[in-house]
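Participant: Let chain R serve as the given structure and place chains Y and V on it in line with the hints.
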Amino acid sequence: MITKEVVEHVAWLARIKLSEEEKEKFARQLSKILEYFNMISNVDTSNVEPTFHVVELHNVFRDDEEKESLPQEVVLKSARESEDGFVKAPRIL
Amino acid sequence: MHLNSLTCHELVEMIKAQTVTAEEVVEHVFRRISEVEGKINAFISTFNESALDKAREIDEKIRRGESVGLLAGIPVAVKDNICTRGKLTTCGSKMLSNYIPPYNATVIEKIEAAGGIIIGKTNMDEFAMGNSTETSFFGCTRNPWDITRVPGGSSGGSAAALASDETILALGSDTGGSVRCPASFCSVVGLKPTYGLVSRYGLVSYANSLEQIGPMAKDVLDCAMLFTVIAGHDPRDGTSVPRRPCDYTKALNDEIKGVKVGVLKEFFAVGLDERVEKSVLNAVGILEDLGATCDGASISYLEYAVPTYYLIAMSEASSNLARFDGLRYGFTAKCEGDWNEVFSTTRGEGFGGEVKRRVLLGTFALSAGYYDRYYLKALKVRTLIKREFEKALSKFDVLVAPTMPILPFKIGEVIDDPLAMYMMDIDTVPVNLAGVPSISVPCGFVDGLPVGLQVIGGFFDEEMVLKVAYAFQEHTKFNLKKPEI
Amino acid sequence: MATGRDEGLDVKIGLEVHVQLTALKTKLFCGCSANYRGMPPNTLTCPICLGHPGTLPVLNRKAVEHAMMVALALNSSISRQMIFFRKNYFYVDLPKNFQISQYDKAGGVPLSTGGWVEFAVNGEKKKVRIRRIQLEEDPARLTYPGTITTSSYTLVDFNRAGVALLEIVTEPDMETPEEAYFFLQKLRSIVEHLGVSSENMQGSMRCDANISIKGGARVEIKNISSFRDVRRALQYEIIRQKQLLRRGGAAKQETRHWDEDRQITVSLRVKETESDYRYFPEPDLVPVKISEEWISEVASKMPELPDDRRERFTSDYGIPEYDATVLTSNKKIADFFEECCKLYPNPKKVANWIMSDLLRNINETGIDVAEMSITAEQFIDLLKMIDEELISGKIAKRVLREAIRTGRSPRKVVEDEGLLKISDEKMIAKIVDEVFHEFEGAVADAKRDRKAVNFLVGQVMRKTRGRADPEITNKVILSKLEEK
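As they're listed, the protein sequences go chains R, Y and V.
Each residue of the first sequence is one higher than the last, beginning at 1 in the numbering used here.
Each residue of the second sequence is one higher than the last, beginning at 1001 in the numbering used here.
Each residue of the third sequence is one higher than the last, beginning at 2001 in the numbering used here.
Note that these hints are calculated values from the structure, not bench results.
Honestly, I wouldn't trust all of these hints.
[Said to hold, decoys possible] Some chain Y residues well away from chain R (every beta-carbon gap over 12 Å; in silico):
1. 1014
2. 1024
3. 1065
4. 1380
[To be verified] Calculated lysine-lysine pairs in the DSSO-like style (CA-CA distance at most 27 Å, straight line):
5. V/2348 - V/2394
6. Y/1334 - R/77
7. V/2105 - V/2012
8. R/4 - Y/1061
9. Y/1087 - R/77
10. R/88 - Y/1094
11. Y/1094 - R/23
Don't be surprised by glycine CBs; every beta carbon is placed ideally from N, CA and C.
The shape of chain R in the complex, shown without the other chains (with noise of 0.2 Å):
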């Protein structure tokens, strides 16, 4: 089950500002969704490795080579806002 408390919490996590609304309508289908994927508890997986990757592959690496990084214009033109070549965020307090 999940509560309305239980995703207002997860959208603290996920930062995701919701309504009043959306936070009823989300325990709702959430909790119907999340009793369905309940099955997968009855697959009896004692001894079965996860898969975290389908092909299995290990040490890929770069040479410590470096490339162009972009000008700072580009970086600051997507930016929300900038000062002084800085990307300007919120306040932290």
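Facilitator: Leaving out everything else, chains Y and V in the frame of chain R:
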């Protein structure tokens, strides 16, 4: 002659022989777009000027006798979650409605290097989350075969653009069926490659461990041509598999005598529309007529594929989509407050309902106390499903199944029932869990609505998948039927 | 100062040290230059380290090798297969709003586990165990016009975002702030000797501390920017927690912020806790398998470490172990010592002068060893001036202090201030005459009592600001007394 209604392999020959120019082809395509876009809404943006410039460059090269690539002068429509430098890339979301990437996806570089011309970006479910293209911030794309119905999704714009001859080739991406589903619903060809065969660099991640960019086309040969261009190792993608380049068009012949075809029993179970079932079984009969040996094949755990897929996809998505906070790029809400307030408001306003649903559930599934029960458990069930495919594919050259269990549905018909939407992915998601390649090829019509046949192959055995699909197509010619718009 | 052990308090201190791998040319997962210091903001970024959609990380091989070196040097056991995890939390300095890091739970395998560092604290040996070492990416750098609490906005420079960082976590084995301080000194000396991280860079080594006192919970202290402040923050925290105990309370588990300006720790409201980070394996990075062969190859390329160097200093230069320990606690000082020894035949004298004068003056002037401008040649020149009796030992100490303070060479200081020893007998005789004239009573005393001669010598020294050769001065005074 309407050049836009021809195929890539036909046009490339004509362009190279200078019987038509690339410029004419591009002009025809844009003319078509302006004629039908009002009804179809396949594109989010089009690049008329730059496409025509590119076309003229190609024509000039040909006139000078210089070598041109495999896709010389061919218009390609690109799903809007694949980054194009200097050109809007929205992912069908308000969140990226103003996003102009400073770089090109690897597939874009490869297509341009082969002479292909990017004509525009196609509509899609927001961040590729959906199978109907209804969740797009830019409005739903309509199915060219019946504009009251969905084109499938999430690469609905690409499929609809092909079906309505608004482009010659298209790119989609397939996380849980997003290339194959719209290919099936729009009667075009779409391939989900083996995981790791096509670079994901520049594909906006929805669920990294499941997705691949896939070629979409009007027939199997075109699909193989585009695939030949985009496949291959990329040092910028750490999950890209180093393999020798391959010309996949060489694999195509209509000789499939002796090919062992496994018919996936479980995929014909409850939930399958009887009319679709009939169509697909008919297709199996045709493969037998062509000399393939068809037998029943089985994939256990199929009933767990949808929850397994969604738990993995939502979990990864919740993390992948965290970067959209409006600070460095993209939409920013106009509001006052500290960073928490601004980020939360931006994300609350920038994301649509389906994205929020998946991000919230994914966040929940990864959170403390649930990780083992949901995410890790899903990855273990994934192992079991992958093993089932390996087992079946050790006995058969390919496996066949319906691509979608249902016909294209009406716009707005299912959208309010998320779980019902998820269930429709039952035939496509297992393939992404296993990582193997799979193609959807047109296999008939029911009441004027397309049905797709799914052909699944072993790891890196795209050649076999394409070959079977090609043989089927050459004897059925469903690809030649065009919708009236 | 609470430098000694607080018996019965059962102080347990653990450290979480972040070491930037500054010797790398590029960042951990992209080809942007990692050499961001002194660069204009946001000029060393690319779509990858800015967290643009669609970009993918690719691991810098050398970063893994440098990390392996550190693990080997700290006796930490390197994992045969390591994987990266995503640590999910939102913050203004995190371009992707998750950090690619490592994890030792949920099936995660960090670069290495276990290990220890041995070091000296006031002559006593101390061993601190390492819990784990992991490789991760540095966040962007934030500045707040004004202070963090009053600023109406934040400025972000993404140049630092993605720079390779090692997180070294110790067991809570330290019992005093002093031990934490010397642990950090030793760790820094090790990474400098390895050549993987340079002290000469602001913020290349950062530290969080955790501390518990008998009866209280574990308190974390964040935002400590220098080793000296680690010591101060821990001292402050011990006093604070002791007071709590005395009042019958106990420290509660919390994260506190070191307020550098006020030199106190303040409670920090943390919204995300460890359980909210939603760690999971990074799907875009494949596992790194580390073979025996690779480890041996890296080990074979490792330079001499401080402990080996200390041993060599005692055997090659015949200096005491204590001296060798002090000299090798900083790579620049150890290098300086060796250069000096090439130019000068008496290592013990060099060691003494470095330890008692050079280091003391550096500490007193607040100059960082890394910024010290005096060269070995100049330093030895100073010692030779003493040997050649051009200056006295006492003057030399003054010269050195002045040289370090002003950045002038010792010889220049001697010349500028006219500090050369006066050995000219005629010149000294002239000054002696002046003194005799001024202090007639003392001269009379001296004639009777030879002990009073010292007063006259002192007066000559005062007039010459210590430059007159004491022997010659003595001789001249005695002979002049005879004449009278």
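Participant: Give me the numbers of the hints this structure contradicts, sorted from smallest to largest.
Facilitator: As far as the earlier hints go, 4 and 8 are violated by this structure, in ascending order.
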